[in-house]
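Colleague: Heads up: the protein sequence lines correspond to chains A and B, in order.
The working numbering numbers the first residue of the first sequence as 4 and each following residue consecutively.
The working numbering numbers the first residue of the second sequence as 1365 and each following residue consecutively.
In short, the hints are calculated from the structure, not lab data.
Some hints could be false.
[Unchecked claim] Distance condition first, Cα-Cα at most 25 Å in a straight line; then the derived DSS-like pairs of lysine-lysine:
1. B:Lys-1551 <-> A:Lys-246
2. A:Lys-245 <-> B:Lys-1388
3. A:Lys-150 <-> B:Lys-1604
4. B:Lys-1604 <-> A:Lys-187
5. A:Lys-263 <-> B:Lys-1642
6. A:Lys-246 <-> A:Lys-199
7. B:Lys-1604 <-> A:Lys-246
8. A:Lys-150 <-> B:Lys-1388
9. A:Lys-262 <-> B:Lys-1552
10. A:Lys-150 <-> B:Lys-1583
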Amino acid sequence: MNIIKAINLVHEYIKRDEDNNVSGITKALDDVSIEVKEGDFVAILGHNGSGKSTFAKHINALLSPTSGTLIVDGKDVLDPTKTLEIRKQAGMVFQNPDNQIIASVVEEDVGFGPENLGVQTEEIWKRVEKSLKTVGMTAYRHHSPNKLSGGQKQRVAIAGVVAMEPKCIILDEPTAMLDPNGRKEVIEAITELNKKKNITVILITHYMEEVINADFVYVMESGKVIMKGVPREIFSQVEELKKHRLDVPQITLLAHELKKSGLDIPDGILTREELINALLKVSQQ
Amino acid sequence: MSIILDKVSYLYGQGTSYEIMALKDISLKIDDNEFIGIIGHTGSGKSTLTQHLNGLIKATSGHIYVDGEDIYDDDYDMKKLRGNVGLVFQYPEHQLFETTVFDDVCFGPKNQGLDKKTVELRAFEALYNVGFPEELFYSSPFELSGGQKRRVAIAGVLAMKPKVLILDEPTAGLDPAGRDEIFDLLKKMQQELNMTIILVSHSMEDVANYVNRIIVMDKGQIMLDGKPREVFKYYRELEKMGLAAPQVTYLMHELRERNLDVDVDATTVEEAKISILKALGEI
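Okay, chain A solo, but in the shape it has when bound (with noise of 0.2 Å):
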């Protein structure tokens, strides 16, 4: 079942002049259909600016769109009456972990979602305890956030979100400010709510090793969806990429290379084990 189905997306931002009047039109979200099935680990990738951003802030219903249908978890986002409905089941995460932690205690910060959805105290608990639990962060439950790491707060507003027990978590470049540690720390967190728990990830990066175990990914330039697919399909687009001036990871790019020197060599090789046995197969011959 599709928890996100997007047709024919549009989203206009209109530049007015001091007068009011209409100075400009920009397409952020130009034609755009995207599906994501329950449960994936689905990946957004494009420039800044490409409409990725806009994108998310749709899927809450932080924003509207200009014209096209959204629909979340069965729920039309033009529909008023369902805009809370829908933020309960889609949270977010955004990059600047700073800007999202409010609180002084972390199990407080954690809390602060749920019991803004009017849960009981004692449920609250018990969701900070499991909510903490997932991320990694129990033995800082009593630290004040202003203290930890980036990695580790942004594992706390990942905790906050996960406490008001959302069936998708959309995170928006939660890695860009942090340092290699924070960066797996955080993509393991995710990597563990989508399968331990079975919630629906949209991760929008730019980093693309942290797409290859996506089961799904987009990438957007310029407002549209100009690629999609499993990760190994998009990855044997080495030229088509770096046309967009998107990066490929190392080892993806080094594989193609050899190949384009006349190394009999597979497409869309994500890994360094994968490249391994293809040149052993070549020296071999």
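For chain A, the structure is supplied; the task is to place chain B on it using the hints.
Modeller: Relative to chain A, chain B alone:
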């Protein structure tokens, strides 16, 4: 301009219960026209180190010599040092404040006490050098994309004509295209303007492609210092410090373990490609 650090140590919160040794006995020599990457995970002391280089932080002990002069001497001209060593902080675009791009870039040289004509000439030159499109010179800096804003911020420092430019994570938060643009720009500045560029980063792969020298920091100390291929030889040690060598380094080592005679010191895709083709007898 040569910079020498002689046993520099720095304590944060000296005398309080929060005392932390951020730098421990750092000795270092930076020559003219180098392109250096300082790498370390969060809290390793890399940003603290860079802030010493233009006198923003004063070492708890040790000396820093710029062109042979001790910058901690009483009669040392700190203002001149700050003009010579430009520092671009993380997310420098947060510091843009003027109404137009051009005015923003003028701010630095204006504060150096230069006359209006020189200031404007410098601003123009700096914006030109960072490849900023002329038609946007008089637009608001807040209407620009992230990558463009960052160029403006770098131009603002460049307009003060520093000989050494230090950048703290200059590509953080930029997309791959923006990142490549900034790195290409820095390389160009090093080669064409003969500047020394020092950048703080935690991306090994980016750094391997551009810099001539890598300094690895951990717990306030310099752990490794050398050419990229020399530093990446210690990929196992790097891992222990929470860093990683480029993917290519791992691949080459694993190929060697499986008896393929490749150069394990290759650090870039290009080097790896040539080495693998050679090992397979293709070239």
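Colleague: Quickly compare the C-alpha distance for Lys-262 of chain A and Lys-1552 of chain B to 25 Å and report which way the hint goes.
Modeller: violated, 31 Å
Colleague: Lys-150 of chain A and Lys-1604 of chain B were given as a pair; does the straight-line alpha-carbon distance stay at or below 25 Å?
Modeller: It holds: about 23 Å lies between the C-alpha atoms, which stays within 25 Å.
Colleague: For the pair supplied as a hint, Lys-150 of chain A and Lys-1388 of chain B, is the alpha-carbon distance within the 25 Å limit?
Modeller: Distance ~23 Å between Lys-150 of chain A and Lys-1388 of chain B Cα, so the pair holds.
Colleague: For Lys-1604 of chain B and Lys-187 of chain A, compute the direct alpha-carbon distance and say whether it is at most 25 Å.
Modeller: Given pair Lys-1604 of chain B, Lys-187 of chain A holds - Cα atoms ~15 Å apart, limit 25 Å.
Colleague: Would the hint linking Lys-150 of chain A and Lys-1583 of chain B be met if the CA-CA limit is 25 Å?
Modeller: Holds - the C-alpha atoms of Lys-1583 of chain B and Lys-150 of chain A are around 18 Å apart, at most 25 Å.
Colleague: Lys-245 of chain A and Lys-1388 of chain B were given as a pair; does the straight-line alpha-carbon distance stay at or below 25 Å?
Modeller: Distance ~43 Å between Lys-245 of chain A and Lys-1388 of chain B Cα, so the pair is violated.
Colleague: Holds or violated: Lys-263 of chain A with Lys-1642 of chain B, Cα cutoff 25 Å?
Modeller: Distance of about 15 Å is within 25 Å: holds.
Colleague: Between the alpha carbons of Lys-1551 of chain B and Lys-246 of chain A, is the straight-line distance 25 Å or under?
Modeller: Distance ~22 Å between Lys-1551 of chain B and Lys-246 of chain A Cα, so the pair holds.
Colleague: Compare the distance between the alpha carbons of Lys-246 of chain A and Lys-199 of chain A with 25 Å, and conclude whether the hinted pair is satisfied.
Modeller: Distance ~37 Å between Lys-246 of chain A and Lys-199 of chain A Cα, so the pair is violated.
Colleague: Given the hinted pair Lys-1604 of chain B and Lys-246 of chain A, is their Cα-Cα distance within 25 Å?
Modeller: violated, 37 Å
Of the numbered hints given earlier, the model fails hints 2, 6, 7, 9; all others are met.
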